[in-house]
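*Asks:* Each of the two chains sits in its own frame; use the hints to bring them together as a complex.
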Amino acid sequence: MLKFIVRRILQSIPTLIGITLISFAMIHIAPGNPVRLLLGNHYTIDRAAALTKQLGLNKPLWDQYLIWVGNLLQGNLGISYVYNEPVTTLILQAMPHTLIIVVVAVVAAHLFAVFIGSVQAYYKDSWFDQVATVVNYFLYSMPSFWLGVLLVILFSITLGWLPSGGIVNNQLANPGFIDWVRHLILPSATLFLVSVAAWARYMRSSMWDSLLQDYARTARMKGASEFRVVFVHALRNSILPLITLFGLSLPALLSGALFVEEIFNYPGMGLLFWDAVLSRDYPIIMGVTIFIGVITLVGNLLADILYGIADPRIQYK
Amino acid sequence: MKLNKSMSVAIAMVTGTALLLTGCGSSSATPSTSTPSSSTPTAGGVINFAESPATQLNWFLPIVPSSNDTVNNDQLVVQLYKPMLWLNNNYSINWNSSIAKNITYNKAGTVYHIFLHKKWLWSNGQPVTSKDVLFSWNVIKAASSPNAPKPWPFVGAGTGEIPNGIQSVVANGNYEVTITLKKPANQQWFIYNGIIQLTPMPAAVWDIHKNMTKELTYLGENGANLMFDKVTDGPFVPVSATPSQSWVIAPNKNYPGHKSLVKKIVFDYEASSTAEFAALKTNQVNLGYLDPSQLGSAPALTSQGDKITSAYPFGIFWTEMNMYKGSPYASIFDHLYVRQALQMGLDNATIAKDIFKGYATPVDGPIPTVPATKYLDPSLATNPYPYNIQAAMQLLEKHGWKEVNGVMTKGSQQMKFPMIYVSGATSSTDAAELMQSDWAKMGVDVTLAGEPFANFISMTSDSTNHTWALANGSGWDYNGPGFYPTGGQLFATGAPSGTGFSNQEEDALIKATHQPYPTEQQTMSVFFKYEDYTAKILPFLWNENYAAIGVNAPNVHNTVKYADAATSLPQMQYWWVSSGN
Numbered sequence: 001m002l003k004f005i006v007r008r009i010l011q012s013i014p015t016l017i018g019i020t021l022i023s024f025a026m027i028h029i030a031p032g033n034p035v036r037l038l039l040g041n042h043y044t045i046d047r048a049a050a051l052t053k054q055l056g057l058n059k060p061l062w063d064q065y066l067i068w069v070g071n072l073l074q075g076n077l078g079i080s081y082v083y084n085e086p087v088t089t090l091i092l093q094a095m096p097h098t099l100i101i102v103v104v105a106v107v108a109a110h111l112f113a114v115f116i117g118s119v120q121a122y123y124k125d126s127w128f129d130q131v132a133t134v135v136n137y138f139l140y141s142m143p144s145f146w147l148g149v150l151l152v153i154l155f156s157i158t159l160g161w162l163p164s165g166g167i168v169n170n171q172l173a174n175p176g177f178i179d180w181v182r183h184l185i186l187p188s189a190t191l192f193l194v195s196v197a198a199w200a201r202y203m204r205s206s207m208w209d210s211l212l213q214d215y216a217r218t219a220r221m222k223g224a225s226e227f228r229v230v231f232v233h234a235l236r237n238s239i240l241p242l243i244t245l246f247g248l249s250l251p252a253l254l255s256g257a258l259f260v261e262e263i264f265n266y267p268g269m270g271l272l273f274w275d276a277v278l279s280r281d282y283p284i285i286m287g288v289t290i291f292i293g294v295i296t297l298v299g300n301l302l303a304d305i306l307y308g309i310a311d312p313r314i315q316y317k
Numbered sequence: 001m002k003l004n005k006s007m008s009v010a011i012a013m014v015t016g017t018a019l020l021l022t023g024c025g026s027s028s029a030t031p032s033t034s035t036p037s038s039s040t041p042t043a044g045g046v047i048n049f050a051e052s053p054a055t056q057l058n059w060f061l062p063i064v065p066s067s068n069d070t071v072n073n074d075q076l077v078v079q080l081y082k083p084m085l086w087l088n089n090n091y092s093i094n095w096n097s098s099i100a101k102n103i104t105y106n107k108a109g110t111v112y113h114i115f116l117h118k119k120w121l122w123s124n125g126q127p128v129t130s131k132d133v134l135f136s137w138n139v140i141k142a143a144s145s146p147n148a149p150k151p152w153p154f155v156g157a158g159t160g161e162i163p164n165g166i167q168s169v170v171a172n173g174n175y176e177v178t179i180t181l182k183k184p185a186n187q188q189w190f191i192y193n194g195i196i197q198l199t200p201m202p203a204a205v206w207d208i209h210k211n212m213t214k215e216l217t218y219l220g221e222n223g224a225n226l227m228f229d230k231v232t233d234g235p236f237v238p239v240s241a242t243p244s245q246s247w248v249i250a251p252n253k254n255y256p257g258h259k260s261l262v263k264k265i266v267f268d269y270e271a272s273s274t275a276e277f278a279a280l281k282t283n284q285v286n287l288g289y290l291d292p293s294q295l296g297s298a299p300a301l302t303s304q305g306d307k308i309t310s311a312y313p314f315g316i317f318w319t320e321m322n323m324y325k326g327s328p329y330a331s332i333f334d335h336l337y338v339r340q341a342l343q344m345g346l347d348n349a350t351i352a353k354d355i356f357k358g359y360a361t362p363v364d365g366p367i368p369t370v371p372a373t374k375y376l377d378p379s380l381a382t383n384p385y386p387y388n389i390q391a392a393m394q395l396l397e398k399h400g401w402k403e404v405n406g407v408m409t410k411g412s413q414q415m416k417f418p419m420i421y422v423s424g425a426t427s428s429t430d431a432a433e434l435m436q437s438d439w440a441k442m443g444v445d446v447t448l449a450g451e452p453f454a455n456f457i458s459m460t461s462d463s464t465n466h467t468w469a470l471a472n473g474s475g476w477d478y479n480g481p482g483f484y485p486t487g488g489q490l491f492a493t494g495a496p497s498g499t500g501f502s503n504q505e506e507d508a509l510i511k512a513t514h515q516p517y518p519t520e521q522q523t524m525s526v527f528f529k530y531e532d533y534t535a536k537i538l539p540f541l542w543n544e545n546y547a548a549i550g551v552n553a554p555n556v557h558n559t560v561k562y563a564d565a566a567t568s569l570p571q572m573q574y575w576w577v578s579s580g581n
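Which chain is which? The protein sequence lines are A and B, in order. Oh and the first sequence: position 282 is 282 in the UniProt record's numbering, straight run, nothing missing. Oh and the second sequence: position 188 is 188 in the UniProt record's numbering, straight run, nothing missing.
Here are the in silico distance ranges between beta carbons for each label pair: (1) B/N102 x A/G70: 49 to 59 Å; (2) A/A30 x B/V111: 47 to 57 Å; (3) A/Y123 x B/A449: 48 to 58 Å; (4) B/K263 x A/V135: 41 to 51 Å; (5) B/D445 x A/M26: 33 to 43 Å; (6) B/Q126 x A/A252: 52 to 62 Å; (7) B/P184 x A/M26: 47 to 57 Å; (8) B/S39 x A/L159: 24 to 34 Å.
I should point out that these hints are in silico values taken from the structure, not numbers from a laboratory. All residues carry an ideal CB built from backbone N, CA and C; glycine is no exception.
Extracted from the complex, chain B is given alone in its bound form (with noise of 0.2 Å):
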């Protein structure tokens, strides 16, 4: 399983915005409220989807270059092209909205058939068949080359077996493939990371060169045009694009599955919040977010009878500490009891309620507890570590360390931590103080720099660079192009998007998780033993889930149920408009 880091919500708190699912609730603890879906849905009415600040929408195949890989060219993509795979808000597999209708395989987890629906159609009346399925796997195999032709390669290369671990993928009629494997295994590991991402592109359509170079070239040149994509299998079909202004889907007349009732939706580029906030409150964007620095002025929004949701994503933040090798603090961050006591430090729950008014909740380890998903541990309900300063410094005392001019010392160390967080955001430095503030009762003294987003991670993701101690405001999101949530690439020893921390148990079980085994029981077994073991380690400090806070106007509906917003690609065509409001 690869993990990779996600910035996205990082990006929200840099930007002072909600993003990814706007408008697009979960069912959640907080203090959300929903769009009533009960009245007769009518056709007509335009969406106006509002993009997250300074978003640029500008890849339109399902087949996406490194470097154009973002959740918001997947959100109007997935709306053109039906994925293998749909996953649901609670990240199981929807079958219905899926390519595949079922998946089987061997006990040895080296080969899979994967029996495709005969129902799906592409826009042109010709049926979506293995042919297509194939097609796209040889434009996969090729872009993941580290010498294909710009823009490639793939961002999938290196996920989930794609492509050298893949020994075959071959038609077995026109609606069965069959994929063996070189080596076993875990099978849902391989489902979750791999089969999810064949993504079948119109072959009689696109696959019009016999030099693959060539034909790589061609989609790499027309990727970023939006109306290259003249024929599609999803709900919607392309209408136009303007960079720094809107792109524009209407419903697919030939589309199978449920056909979409509204005129068009509008993605519409948002320059900033305060931008986005002032077309909410003027109606020109009917569906839209708040960040949560705005949540003061949301009753100017709910006075003119506009819904307020959140919607959380299937991710986790943290504080990330500095063991990278040759940092000063990493023989004090590698003792886990220090570890330990710094997350005992930190008042999560507060911050969540106080500072994020609700619109967050705490985490305990490498899995969210909301949404709610089978891959969280029952047993990581409860917190292991909960906040209590007296019991945190209890720890460092009983290892030798002691207060000494408000500085908890040791020999020749002292707690002194530069801290960097992510500026921008009032809610970001607000918690930053507050966690500065707790430390600070226990004798950990921590000086804070706000960096803009760009500079966060880049000092993060530089090995060398120890001018910081402890990073607030980055983490992960489970949403591809691998979407099994372990660790490899990010908890497991010289993992590329960790920050230095090593651990051989953590490594063994990161392992043990790839492996195959003959029931999901054992399969969920192993996980969790590798989720309970993260979750202790602390290979980072644990901080809270941020919900995307939703805006939709009153005669939008359909957006909270059909949000999907684990993996932040709602089904538009559920959507609706009713008139007269």
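The following block holds chain A by itself, in its conformation from the complex (with noise of 0.2 Å):
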């Protein structure tokens, strides 16, 4: 196992450099200056030459990068152009605020997607079953930032019930732990739902085909409970996509953050990158990137690893 992690460490070291490569070029090839940006309303031709040296833009694309790159080794992600502070602490003060909202999503849509597929499969052409496929079809193919908007309509402008926004009530004289729940609601929300249903379909299917495997039918005729072989027996195995998808969300989650943060007012790391992609503001562009860029790769070590611990039958070499 441990040589299996070795070696699929070192095999991402490439994949790594690639998506750098790749990011670097495209980001600096791409429309928009960000001198031109900075200066905004200040902008002439010596105070462009100027930031644009001072930012070390005026160098070749691949001495930049090599620079990036020798700084990334030691730990340096730059200097934020729009923030002046370190892209490292920034993502650092982002990071646990998407991690929370992400997280709750996560664990939450899980549990609520093995319960519901579950209960789909074994009820299968039921109302039930058929009530929910409907519903699950309508979020999987229902876009983060529409369901995040029809929410703020309905629980923030409409209800009142929850905040539209941000993760504390600036006019609260001390905004507490209630009030930072009540601001993690919606954001998390709208993440557990547009999950939920994709991943619900998913153990509907792998539950389905469980239950008509031989060790279900052969449990049942050694006397166990419906329950005992839904949730016991076959559960096991239906699961093991889901641990497969369980890796793999985490990006997708983190992608999906992006736009549920900017509805939301939400200051996580798809905030940070929304504001430094409309700015320009390459060295946080390139610091989420590589970070999403490595939380990939780790979700999918991650989900082969948990995938062989739930399936016996897999061996590393």
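*Replies:* This is the structure:
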């Protein structure tokens, strides 16, 4: 297992280099000049030239890339053009906010998807299955940004139950834990709803296959209760696809958080990245890209490892 | 005078929001309503002030590097530090709210005496003196060098004789500073562009390094940290700052001027105008804004008692013509009659009225009609080139152009122009389409291409880019670092923010506005000549000045009265919140 992990990590290095190369090139080739945006209403050619030099943007692209890689190897992701602060600091400030909504959404979505998908499979073609399928398709086809707006309209504007954005209510003298939790609900719910639909569909299909297997029939013949057949015998095998999805879902959820955080003014990684793209803040764009790249590779590795733990038939070499 | 191309209002169009003075209106002829401020001010309450979309506040010292100079930062910083000169909504100096109580100068325009109010105190109780002004000057001088450490240079370098045109700055006692210039300057110009930049900084607290490079590094490293500003002389002190969330200030108890009554003012980050609208609707923000495209939803806010206001910055908008050297269109646009005809084909009044729902006013020259200032030549009160398609066509035909297959043609030249405009907002797309439609009636064939703001400004500032002929969606506002509204950096030959226009008479008139004159009347006379000529020579096609459309909750007061919208810098210490609404 250890050899497998080491080998996978080593295999990830060229992938990571590829990600940084392509990202760096695309970001710098894309239209829009950070110096022009930074100077804004005080743009002159002299100032632009001075700032371009100051930011190192006057150097050839390959040179800029090598400097960036050199800094990266020393743990330095650079200084943000907009914030004048180290990118690492900004990412570390934003990351906990994103992680909390993503973790809440992932855990809740998995638990919910396992339950709903299992019940759907067990009662296949029942009215419950049909209604759940329609709801799942509806949620699955709905973009997260659209769903987020709908939730704001319903729960913030129409019902007035939950805040529409931010992480605290600034009008309160001492915003506390309850206020913080209230601000987490809608962004987490958005991510939860778009995830649970897909996973429930996987779970339904996987559980249905499991329930038709010989070991399920054998368990029934041995007198096991239906609850035990479904949630003990079939569940462990049915859950394998979701374990794979768990690892793969992390980067997808971080990407999905981009739109959700923009809608909810939620100061996490997604909003940091969104703002950086708008202002062509290259160090942040690259910093977040490499971070998500690493998370993706780690997620894949995690999925493989978890799969092996869950399924004894898998042997790592 | 150094003018700077302002894209801030263009950003507003791109992002779909009204910028700057959110919730703070100016008097105007637009359909605005104002908050009654007759009730007695009461203490308490919190004002949540919405920032324009995706705007980070990222610099909190009154001396600002180029890369951090934004109106949004300024709006917070002027609450912490009194500027040397505060400009009113009509662009006159508000001496009561300025550090200077008076400025005298010689006839030659070389020597200036600044007399400081004795009333201003730092929040630690120490007086604001000449020493603080000299500290600022020394920082400015050093930070203006291209070799200054990051994140400098200072944004005002090169504006208003700073720093190279200044011979000396000396203190004559605790409350008088004398500035001597190397050569004569128009006194009004130097006051509005040079002296205005000398905002005092607390020398006793910040001047801690003998070596100026170390001092600049020290200030530079702390400029993005709001909590570094512990000692202020403005009406507020900092409380907290969280990027992408909020920046909070509270009243300065030692402020010697009008003290704020509110508990705190929160500058709220807004990811988008949609999010900001939701925050207004749910009362998470009580001072915000609307994009023109959101005006249809305004009843959702007014029905809960919110007030809609308008605020006009001292700025102008235009359509640029690609007259850069090498542009295939330059040979057409170089003719004044062509520019005149194109201007007559622009129905700015209809765009203002129908597309921007009255929250815009047509511009006829380099000085806007709203807000009203002394800089607007009364003779320009009527548009020299009013909308008239027939007259425009006749003008072209008089110079040999004929309509062939619906397109004005002269020899091998055709009036077929690609026009880029700033995409992202319905209102800007609608305006561009109306322009296209009107020009088509006179045989000018325009193809439209919407460009994101970042692309737009990259394209129009690149003199080698000939893919566009016309560009709609940018403008200027005269909000610093230089405030005197002449157009050296814009309309003069080779102007860095121009698009290739060149005219010797224009150059001479701009230069004349920088010279000293014995009386203000003569100064204004020269200025009006420049303004009049610029309006008629059409270095750009004039469009409209767009209002920021503000929204304030019914219990928020005095935002309109103390907007000072011309410079987009409100006096927030006069804002207050009533209870029970």
